[in-house]
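2 protein chains.
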Amino acid sequence: MLRSSTLFVRTLRDDPADAEVPSHRLLVRAGYIRRAAPGGYTWLPLGWRVLRKVEAIVRDEMDSMGAQEVHFPAMLPRDIYELTGRWDEYGDNLFRLKDRKGADFLLGPTHEEMFTLLVKDLYSSYKDLPVSLYQIQTKYRDEARPRAGLLRGREFLMKDSYSFDIDDAGLAASYNAHRDAYERIFTRLKLPYVIVKAMSGAMGGSASEEFLAPIEVGEDTFVRCTKCDYSANTEAVTTAALSPDTASYATAAVVETPNCPTIASLVDFLNANHARSDRAWKASDTLKNVVLQLRHPDGSTEVLVVGVPGDREADIKRIEAQVSPSEVEPLDDAGFAKHPGLIRGYIGPQVLGATSATGVRYLLDPSVVTGSEWVTGANVAGSHVLHLVNGRDFTADGTIEAVEVAAGDPCPTCREPLEIARGIEIGHVFQLGRKYADTLGLSVLDQNGKQVVVTMGSYGIGVSRAVASIAEVFHDDLGLKWPRAISPVDVHIVVTGKNGDDITIAGEKLAAELEAQGLEVLIDDRNGVSPGVKFKDAELIGIPTIVVVGKSLAEGNIELRDRHAGTNEAVPIADAVQRVVALVREG
Amino acid sequence: MLRSSTLFVRTLRDDPADAEVPSHRLLVRAGYIRRAAPGGYTWLPLGWRVLRKVEAIVRDEMDSMGAQEVHFPAMLPRDIYELTGRWDEYGDNLFRLKDRKGADFLLGPTHEEMFTLLVKDLYSSYKDLPVSLYQIQTKYRDEARPRAGLLRGREFLMKDSYSFDIDDAGLAASYNAHRDAYERIFTRLKLPYVIVKAMSGAMGGSASEEFLAPIEVGEDTFVRCTKCDYSANTEAVTTAALSPDTASYATAAVVETPNCPTIASLVDFLNANHARSDRAWKASDTLKNVVLQLRHPDGSTEVLVVGVPGDREADIKRIEAQVSPSEVEPLDDAGFAKHPGLIRGYIGPQVLGATSATGVRYLLDPSVVTGSEWVTGANVAGSHVLHLVNGRDFTADGTIEAVEVAAGDPCPTCREPLEIARGIEIGHVFQLGRKYADTLGLSVLDQNGKQVVVTMGSYGIGVSRAVASIAEVFHDDLGLKWPRAISPVDVHIVVTGKNGDDITIAGEKLAAELEAQGLEVLIDDRNGVSPGVKFKDAELIGIPTIVVVGKSLAEGNIELRDRHAGTNEAVPIADAVQRVVALVREG
Numbered sequence: 001m002l003r004s005s006t007l008f009v010r011t012l013r014d015d016p017a018d019a020e021v022p023s024h025r026l027l028v029r030a031g032y033i034r035r036a037a038p039g040g041y042t043w044l045p046l047g048w049r050v051l052r053k054v055e056a057i058v059r060d061e062m063d064s065m066g067a068q069e070v071h072f073p074a075m076l077p078r079d080i081y082e083l084t085g086r087w088d089e090y091g092d093n094l095f096r097l098k099d100r101k102g103a104d105f106l107l108g109p110t111h112e113e114m115f116t117l118l119v120k121d122l123y124s125s126y127k128d129l130p131v132s133l134y135q136i137q138t139k140y141r142d143e144a145r146p147r148a149g150l151l152r153g154r155e156f157l158m159k160d161s162y163s164f165d166i167d168d169a170g171l172a173a174s175y176n177a178h179r180d181a182y183e184r185i186f187t188r189l190k191l192p193y194v195i196v197k198a199m200s201g202a203m204g205g206s207a208s209e210e211f212l213a214p215i216e217v218g219e220d221t222f223v224r225c226t227k228c229d230y231s232a233n234t235e236a237v238t239t240a241a242l243s244p245d246t247a248s249y250a251t252a253a254v255v256e257t258p259n260c261p262t263i264a265s266l267v268d269f270l271n272a273n274h275a276r277s278d279r280a281w282k283a284s285d286t287l288k289n290v291v292l293q294l295r296h297p298d299g300s301t302e303v304l305v306v307g308v309p310g311d312r313e314a315d316i317k318r319i320e321a322q323v324s325p326s327e328v329e330p331l332d333d334a335g336f337a338k339h340p341g342l343i344r345g346y347i348g349p350q351v352l353g354a355t356s357a358t359g360v361r362y363l364l365d366p367s368v369v370t371g372s373e374w375v376t377g378a379n380v381a382g383s384h385v386l387h388l389v390n391g392r393d394f395t396a397d398g399t400i401e402a403v404e405v406a407a408g409d410p411c412p413t414c415r416e417p418l419e420i421a422r423g424i425e426i427g428h429v430f431q432l433g434r435k436y437a438d439t440l441g442l443s444v445l446d447q448n449g450k451q452v453v454v455t456m457g458s459y460g461i462g463v464s465r466a467v468a469s470i471a472e473v474f475h476d477d478l479g480l481k482w483p484r485a486i487s488p489v490d491v492h493i494v495v496t497g498k499n500g501d502d503i504t505i506a507g508e509k510l511a512a513e514l515e516a517q518g519l520e521v522l523i524d525d526r527n528g529v530s531p532g533v534k535f536k537d538a539e540l541i542g543i544p545t546i547v548v549v550g551k552s553l554a555e556g557n558i559e560l561r562d563r564h565a566g567t568n569e570a571v572p573i574a575d576a577v578q579r580v581v582a583l584v585r586e587g
Numbered sequence: 001m002l003r004s005s006t007l008f009v010r011t012l013r014d015d016p017a018d019a020e021v022p023s024h025r026l027l028v029r030a031g032y033i034r035r036a037a038p039g040g041y042t043w044l045p046l047g048w049r050v051l052r053k054v055e056a057i058v059r060d061e062m063d064s065m066g067a068q069e070v071h072f073p074a075m076l077p078r079d080i081y082e083l084t085g086r087w088d089e090y091g092d093n094l095f096r097l098k099d100r101k102g103a104d105f106l107l108g109p110t111h112e113e114m115f116t117l118l119v120k121d122l123y124s125s126y127k128d129l130p131v132s133l134y135q136i137q138t139k140y141r142d143e144a145r146p147r148a149g150l151l152r153g154r155e156f157l158m159k160d161s162y163s164f165d166i167d168d169a170g171l172a173a174s175y176n177a178h179r180d181a182y183e184r185i186f187t188r189l190k191l192p193y194v195i196v197k198a199m200s201g202a203m204g205g206s207a208s209e210e211f212l213a214p215i216e217v218g219e220d221t222f223v224r225c226t227k228c229d230y231s232a233n234t235e236a237v238t239t240a241a242l243s244p245d246t247a248s249y250a251t252a253a254v255v256e257t258p259n260c261p262t263i264a265s266l267v268d269f270l271n272a273n274h275a276r277s278d279r280a281w282k283a284s285d286t287l288k289n290v291v292l293q294l295r296h297p298d299g300s301t302e303v304l305v306v307g308v309p310g311d312r313e314a315d316i317k318r319i320e321a322q323v324s325p326s327e328v329e330p331l332d333d334a335g336f337a338k339h340p341g342l343i344r345g346y347i348g349p350q351v352l353g354a355t356s357a358t359g360v361r362y363l364l365d366p367s368v369v370t371g372s373e374w375v376t377g378a379n380v381a382g383s384h385v386l387h388l389v390n391g392r393d394f395t396a397d398g399t400i401e402a403v404e405v406a407a408g409d410p411c412p413t414c415r416e417p418l419e420i421a422r423g424i425e426i427g428h429v430f431q432l433g434r435k436y437a438d439t440l441g442l443s444v445l446d447q448n449g450k451q452v453v454v455t456m457g458s459y460g461i462g463v464s465r466a467v468a469s470i471a472e473v474f475h476d477d478l479g480l481k482w483p484r485a486i487s488p489v490d491v492h493i494v495v496t497g498k499n500g501d502d503i504t505i506a507g508e509k510l511a512a513e514l515e516a517q518g519l520e521v522l523i524d525d526r527n528g529v530s531p532g533v534k535f536k537d538a539e540l541i542g543i544p545t546i547v548v549v550g551k552s553l554a555e556g557n558i559e560l561r562d563r564h565a566g567t568n569e570a571v572p573i574a575d576a577v578q579r580v581v582a583l584v585r586e587g
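Protein chains in written order, with the numbering used here: chain Z, 1 to 587; chain L, 1 to 587.
Any given hint could turn out to be false.
Below 20 Å or equal to it, Euclidean Cα-Cα: the simulated DMTMM-like pairs (lysine to aspartate or glutamate) are [as the list claims (entries may be wrong)]:
| hint | chain 1 | residue 1 | chain 2 | residue 2 |
| --- | --- | --- | --- | --- |
| 1 | Z | Lys-101 | L | Asp-63 |
| 2 | L | Lys-98 | Z | Asp-104 |
| 3 | L | Lys-53 | L | Asp-63 |
| 4 | L | Lys-98 | Z | Asp-268 |
| 5 | Z | Lys-101 | L | Glu-586 |
| 6 | Z | Lys-282 | Z | Asp-268 |
Calculated from the model, a selection of chain Z residues having no Cβ within reach of chain L, i.e. all distances over 10 Å [claimed, not checked]:
| hint | residue |
| --- | --- |
| 7 | Pro-73 |
| 8 | Arg-96 |
| 9 | Leu-97 |
| 10 | Arg-100 |
| 11 | Leu-122 |
| 12 | Arg-147 |
| 13 | Thr-226 |
| 14 | Lys-338 |
| 15 | Gln-350 |
| 16 | Gly-359 |
So the derived label-pair ranges between C-beta atoms look like this [said to hold, decoys possible]:
| hint | chain 1 | residue 1 | chain 2 | residue 2 | range |
| --- | --- | --- | --- | --- | --- |
| 17 | L | Ala-516 | Z | Ala-574 | 48 to 54 Å |
| 18 | Z | Asp-575 | L | Ser-125 | 20 to 26 Å |
| 19 | L | Lys-450 | Z | Asp-575 | 56 to 62 Å |
| 20 | L | Arg-3 | Z | Glu-82 | 35 to 41 Å |
| 21 | L | Asp-63 | Z | Val-529 | 46 to 52 Å |
| 22 | Z | His-564 | L | Ala-516 | 35 to 41 Å |
Honestly, the hints are just simulated from the structure, not real lab data. Every residue gets a Cβ at the ideal spot worked out from N, C-alpha and C, and that includes glycine.
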């Protein structure tokens, strides 16, 4: 039995200064976690109980699907991550350190290499496969901006698993088994989720989906079709191919466009001075060439120009997902100074491309289709060119999904409008394929005695992040409201009496009886604390069932409060045990 | 149910090349652990089950004694450890790293600072105390020589707890509560232990005891009295004070002692050329001055000379425990070159001491009592001095427990002979006192409204080390022999039939029935593996109860093998479930 009089917890009336999101605010205020380092949190007793319950559900479902639990060190030797190039690719996101002999180590952000080598170490035959292994372990990532409490930390608890199969059909089966297990896990955690297509990021590999909890404070933006079942992380959305206008265009012509620093001013100028006969010029007639710099893992940089329609913004994060592990940033003044061929504000595709005068790589958003006509910079300050046709007057080095996806964009599957929402990534399933097995030499003998490279999947759930995500979903202005399956205890008994009085004796008796029934009980047995403070604390802490043993005891009743429904019911004390046990058992 | 056909394990017939001790050898060979890094091990499914069972017993007893579980990050900010000086004091034993912004962090070797600050953060009154908090967490120490597998790793699992009390009586009670809980834990783990007095090491503080498992491969040496209940780590043994000879000594006299490079040759020379009238010269008449160098945490060094009787060795580890956190090593040639006053092989106390010609600090082992007479170097090559009396002819700067403790040394309590044994440190209980609370400002208001500094205890159990210690105690030439409470499963069923035959069907049925009774079952269901290989694997893996379903099934029997007793009994298959369940339940 937990007793408020001795429980190591202090609730706070005020929000912590650094807390941006409800889960962070409430988990700190209710005494579940405490900041210990940038992006590092200490779990207090109540929080630790919730984390361990989430962990137990994850473990149970992983075991049920036949995955086997192992546990690796967090501190890993550099040479293994050198083999796959990830020592460098991870860039600043990796915590690196040296031991007393000067040998290099890292703190594992994810363990693909270690699992691959372990299976290579133990297994050698197709008969050994398939196998799925997992661990629930502390992970480390040197996030540039740790934020939102447990939602983006630098030290966090993760379940990572890996499947090993002899062929693609096996991988697909293992992938689906994990995907199904994840659905069961999030269902048990009562965590709403959307499964969206995802980019593969620094992992390599092919098919990849994310489980997102659709919560406004999430860092991920995703689209879903208003009609069909398409959904994707915005980074992974593919553009529905548009047909170009089939009209035959006028010849390209350079015109002077003084004082047109913005797309809007350019469109106004053209409508005033170079009016079209068929319709007015629009922002979507213009082609904007965005100049970026890629920073590769080896530290070298490269200039990249991306062409997008003038009515759309370039989405740096989306572009970055496609050039990962390189990082993307706008080219700065010093960068422009090294490329005098790029006339800022007037850059046109005529001077772009690997084989062009500048030699700068040039990629187009897929919406800039071959055969389409554009107004764009003339590579001379104060001039633009009209009627420049892609494929007739210029070509690019390729395409890249670059525009910021917007609500109403056509669904790539059914062309109905997409809607946009935000979410927290709570899980990721991923067909890695043979990349790691190839690099690290994991092959087995097949039925014909031939060596075949193993194909792998990688699957993650953020365990500590799940706690915060659940808190985001289940709270109100008064505090947390835990789902039963992961509540720190089953029932919170608030006793409003004083030491030794009838109320306290009845409360203690009820607590003992509930515990005897196998329930986990927290009793607020603090002496000299007002009922009002105890009620506020109970609301903040958020145990789903609160039993108040107080003044209505005089009528033989206790109060049964449901934190989710917000209801408050008088129940005869004689029925209390049976009622509470029934509530907890029905889940 | 675990099935050998799919369990992620491979047993090895040969010992791993780097394994020095039985636990390391057998845990690797039986497929419990696998080396992943220097001093870092991966837990395979069987090993992970054992570790988690040990962890569960530790948690259960800590919870039962009223300690509350929390969990800190492993990566901690430098500034907190600067406050107590431990950032430097830990020297090379600390793993240090920087984040992407260049801020300094460490990987926690122990968490005194964090716990102290957490209690300071939440608590402010005597009413809040006592409180005991603990965590079971991965710890990091950059050991100079990681060795013996799990016995001395660089990344390992530890339970560390801390008690907080208002006064000394409270600390004593908390200390005893932990000590009692530790006794219960090791009893449940079936781990034999001796509780010995210990040094405090880098921790500061006063009373301190170690729990040692008396195992020959242990790194710790301890003494216990053959008569009374005195026992101590040899580092912590105190010397029983001896009375000096009361005879009046001759005047000190320098004699030439050519060709006497050793104590033995010196004694022989003296007996031949300067014979005593009363008895022969003995090695114990000589005073050996051992020249050491201390390396302080700030990197500075200091020369220290320690005087010990010539028939005894100086124990560097024991000396080091008393000058901790400084490290101790013999002075090297370069060091001697800087001290021309120290004539190697002929150093005498006349030139030693803070106020002497050399200014070198000089400490005596307590056995060199005041009033005792010695033969020692004359500070001239080839000469020694006879009849040099401590207190008459020289004085030192103090005493230090310096000689290697030997079997037969007198017990400091009762003067009966001590015996010596080796052990593995499996637990440590420690009255820290007010050192951390003072430094970090942890005080609370007492009953009179006065601020008082809190007094603390610190208590550790090596959880992963306990697994190895148990393996050291419970094994034979054939393999491991787990105590029931932490065996990876309750029963190992070896089926010697082929897929689909009667033996296999009976084995599977028995396994299902045992599982239905709540037992954890491993069934060796491998097809095409010989009975001999299966038996060898079962012996190596070491589940205490092995059931063989094999050829004696024809007579209606199974074989019940007891791995501890080494017995093998035919049991009617009809009685098998009941017999095995009874065995497991009786523990």
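query: Is the straight-line distance between the alpha-carbon of Lys-53 of chain L and that of Asp-63 of chain L 20 Å or less?
result: Between Lys-53 of chain L and Asp-63 of chain L the Cα gap is close to 15 Å, so the pair holds against 20 Å.
task: Confirm or reject the statement that Leu-122 of chain Z sits farther than 10 Å, beta carbon to beta carbon, from all of chain L.
output: Since the minimum Cβ distance to chain L is about 5 Å, Leu-122 of chain Z lies within 10 Å and the statement is violated.
query: Any Cβ of chain L at or closer than 10 Å to Gln-350 of chain Z, or is the non-interface label fine?
result: holds (40 Å)
query: Taking 20 Å as the top limit, are the C-alpha atoms of Lys-282 of chain Z and Asp-268 of chain Z close enough?
result: Holds, at about 9 Å.
- request: Measure nothing beyond the straight line between the CA atoms of Lys-98 of chain L and Asp-104 of chain Z; if it is 20 Å or shorter, mark the hint as holding.
  value: Answer holds: Lys-98 of chain L to Asp-104 of chain Z is near 13 Å, not above 20 Å.
task: Could you check that no beta carbon of chain L comes within 10 Å of the beta carbon of Pro-73 of chain Z?
output: violated (4 Å)
task: Could you check the hint for me, namely that Asp-575 of chain Z and Ser-125 of chain L are 20 to 26 Å apart, CB to CB?
output: At roughly 39 Å between Cβ atoms, Ser-125 of chain L and Asp-575 of chain Z fall outside 20 to 26 Å, so the hint is violated.
- prompt: Does Arg-96 of chain Z really sit off the interface, with its C-beta more than 10 Å from all C-beta atoms of chain L?
  reply: violated (7 Å)
Status of the stated non-contact between Gly-359 of chain Z and chain L (beta carbon gap over 10 Å): holds (32 Å)
task: Examine each Cβ of chain L, and state whether all of them lie more than 10 Å from the Cβ of Arg-100 of chain Z.
output: Nearest chain L Cβ is 4 Å from Arg-100 of chain Z, so the label is violated.
- prompt: Do the alpha carbons of Lys-98 of chain L and Asp-268 of chain Z lie within 20 Å of each other, as the hint requires?
  reply: Violated, at about 53 Å.
- request: Could you see if the CB distance from Lys-450 of chain L to Asp-575 of chain Z stays within 56 to 62 Å?
  value: violated (50 Å)
The structure fails hints 1, 4, 5, 7, 8, 9, 10, 11, 17, 18, 19 and 21 (numbered hints given earlier, in ascending order).
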